[in-house]
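Throughout the sequence shown, residue numbering follows UniProt numbering, covering 1 to 146 in sequence.
Please keep in mind that the hints were generated in silico from the structure rather than gathered at the bench. Since the structure is predicted, the reported quantities are computational estimates derived from the model, not experimental observations. Where hints are given, some of them may not hold.
Simulated pairs of lysine-lysine, PhoX-like, Cα-Cα distance not exceeding 20 Å [stated by the list, open to error]: (1) Lys-64 / Lys-80; (2) Lys-78 / Lys-52; (3) Lys-80 / Lys-52; (4) Lys-43 / Lys-87; (5) Lys-56 / Lys-74.
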Amino acid sequence: MVSLLLVAIAMVSSNETGLNEQPLNRLARAANGGKETNCHYEKSQWSPCDEKTNVKARTLTLKKGDETCEKTKKIEKKCKKACRYVKGTWSQCNSHNEMIRTDTLKDPSTENSNCEKTRQITKKCKSKGRGNKGNNTQANILLTTS
1 MVSLLLVAIA
11 MVSSNETGLN
21 EQPLNRLARA
31 ANGGKETNCH
41 YEKSQWSPCD
51 EKTNVKARTL
61 TLKKGDETCE
71 KTKKIEKKCK
81 KACRYVKGTW
91 SQCNSHNEMI
101 RTDTLKDPST
111 ENSNCEKTRQ
121 ITKKCKSKGR
131 GNKGNNTQAN
141 ILLTTS
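With the hints as constraints, model all of the structure from the sequences given.
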């Protein structure tokens, strides 16, 4: 009988703990923008990609919600890369301890007109010493029109 009583107390204790934790989780999710909020928004179309920042934006306008909901929200997102290149082969290391690769625009007729026809990438050659295993290479990109 004593063991039955202990089991009953343990079950009640675990139930109370579970009840206390659940609302906290909901509050945390709602504060983080989870699906527990009562704010519903209408989404505008994405803006064209800004060529300088490579970012597009859209506005969310409150459709349904209480006073805690923001009336409008602006969402920004990186654009997909518009220019796609076919990678060339790396040159041998030159006198400046650099390798050079020239890439060519994949399909100039269908790509964004702002894309350069070729781009040149310069990369430091790997050091032959044991201290540098070549993981700290730097690459510079130079775009040229052809």
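Results for each hint:
1. For the suggested pair Lys-64 and Lys-80, the alpha carbons sit about 32 Å apart, so the restraint of at most 20 Å is broken.
2. Simply put, Lys-78 and Lys-52 have alpha-carbon atoms about 11 Å apart, close enough for the 20 Å limit, and the pair holds.
3. Distance check on the hinted pair: Lys-80 and Lys-52 sit about 13 Å apart at the alpha-carbon level, within 20 Å; holds.
4. Using a Cα cut-off of 20 Å, the hinted pair Lys-43 and Lys-87 is violated, with the two alpha carbons roughly 38 Å apart.
5. Proposed proximity of Lys-56 and Lys-74 is supported: the alpha carbons are some 10 Å apart, at most 20 Å.
Checked against the numbered hints above, the structure violates hints 1, 4; every other hint is satisfied.
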